[in-house]
Amino acid sequence: MTAQPGTSGSTGPVTPPAATPPGRPDDRSPRGADTGGSRRPAGSSALREGRAAWILAIPFCLLFLAFTAWPVVQSLFMSITDTRSRDLRKPFSVNIIGLDNFTKALSDPLFRKAAANTAYFVLVGMPLTLVMALAAAVALDKGITRFRAAFRLGFYLPVITSIVAVAVVWRFLLQDPGGLINTALGWVGITGPNWLGDPKWSMPSMILMAAWRNFGTAMIIFLAGLQAVPAELHEAAAIDGAGAWKRFRYVTMPLLRPTLLFVMVTTAIGYLQFFEEPFVMTKGGPLNSTISLSYYTYQQFGFGNYALASAMSYLIFVVIAVVTAIQFRLLRERT
Amino acid sequence: MAVDTASRPSGSAPARARTRKPRSGMVGSSQAGRWWLYAILVVAFIAVVAPFVWMVLGSFKSEGELRQVPPTWLPESASLDNYTQLFDKLSFGQFFTNSIIVAVVVTAGNLVFCSMLGYALAMLDFKGKKLIFTAVMTTLMIPGVVTFVPLFVLVANAGLIDTLPGLFLPFLVSPFGVFLMRQFILGLPKDLLDAGRVDGAGELRIFWRIILPLCGPALATLGILTFLGSWNNFLWPLVVAQSEDRYTLPVALALYSTGQNSTNYGLLLAGATVVIVPILVVFLVFQKRFIEGIATTGLK
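Protein chains in written order, with our numbering: chain A, 98 to 432; chain B, 2 to 301.
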């Protein structure tokens, strides 16, 4: 069953947001053109249609303007002012100070540390999540015939859970003496590290947890992508003597590229904002080894430095936009 | 691609392949030779599910048992102490209610408002349509972290900090919801509209009585994803809910787990269970729709 008949085929999941926002309205609105012609002569009916459309659109538009569009604009404005928490009730008392907040953020060693940590989290976490997801998807799609639904359900389970609750549980699992993970490692003779207490291991712990929690989403999307790969292509390649790996590499992967792109982008966007994990598990420690951009931004907000926090969040946004653009470029070029 | 031409005689080629290399395992073999794959998957399955099992079991354990080294698996003497403490001493009943109210209102808002605009964008012709659509599509990608500071200032100036409306108002509509509904409604036959008009139904009545009842699958997907997102939402309720009366479950759990109860393991595991289990039940009931929703929209 397709919940989205508008997007068809294997490229289904990829068509969403990023793909072609501005181009879309043109190729999607011919309905207006062909039916408008037949209705125009009636005159009043077109008027009625327009009025009805606006009645339907108004509630969304008001809420959207107030809570999405305005904050987006305001965020940019605020980042070039010196707004602090005490200016909350008198918005006209703030001064425009140009790009000072941005230079302040970029020259702040802790902000740089947070940026490096976030990069670490994304650059290790995203490939790990994708590999796990792809392996699970391929295994479930082609490797096994029984219990497919049960495995799929189990692997997807962590995705729906609250990161906060999961982080609370994992904090106990990762405890050094007495945690479930180190106990299990002890059975096979490995002395586990002090996961969250050791600056070397704190970030890998979080990456592991993030991959564990998130690979289910990517797996489901990969599964949908894999099912769109025609079986005949595999069979033909097999006749030509291609082994399982070659078939995967030269038949499946090229067809999966749009899906891969989409999953990479959404996973990277999610990971670039990681926040709950350090909040619950480490408070950014030990030795700031897990402080993330979002967490540091939140801290600055908590200190009342609203303008600085705005500037920082805009920097995160710019990074997200750039990462998205680069990934599109890279994956598009090779097709 | 060479494989394209090779696949032409689709009737005979696979048959030949099958006779030469019986069940080569391409399309899924039932051979016992795959046992190792099952073994790996079972280990992975246990690794994924074990933390939840341990959490639920742990929530029935006493504080002393939870501190034992090595840890126990099954509780030695199961008790509901952690839960009674959670709901009597701490007000998890209140947090639970708050979470439910916010999630229900947010979900209802998204279902109604997003389907209204989605329908207008998909089927009706009006001035400003292109502008609205472009605005919606460009904000689809903007993450919450970008807007939360000015949003906080806005909500604070409206006097809504530490109120329930402050928790749900900013989330009543979502660009994603509009996109989803519009895409679905685009796939419905446009004749429905004309048939309704011929029958003399008003424009709004056509939407309400003809189009909306056909949107079941899309509404279900949107509803489930929205409810889930709201239930697990953290950053916004963390900054808006400032007195305990307004905490949602994740906020309460996070603050307790980092505050004075940070070492009260039994209590925290019970709290995590209260956050996770209701959504787990909803998930198991609607899992087919859930997974379809993820696969078709690709967003969580």
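Hints were generated in silico from the structure; no laboratory data involved. Quantities reported herein were computed from a predicted structural model and do not represent experimental measurements. Honestly, I wouldn't trust all of these hints.
To be verified - Covered, in the sense of this in silico footprint (three residues per stretch, anywhere, with C-beta under 8 Å from a C-beta of chain A), are these stretches of chain B:
(1) 77-89
(2) 92-106
(3) 127-140
(4) 146-160
(5) 201-211
(6) 259-271
C-beta: ideal position from N, C-alpha, C; glycine also.
The hints, checked one at a time:
1. 77-89: violated (count 0)
2. 92-106: Three-residue rule not met by the stretch 92-106 of chain B, so violated; n is 0.
3. 127-140: holds (count 13)
4. 146-160: With 12 residues in contact (Cβ-Cβ under 8 Å with chain A), the coverage given for the stretch 146-160 of chain B holds.
5. 201-211: Check passed, 4 qualifying residues.
6. 259-271: It holds, with 4 qualifying residues against the three required.
When the structure is compared with the earlier hints, violations turn up for hints 1 and 2 and for no others.
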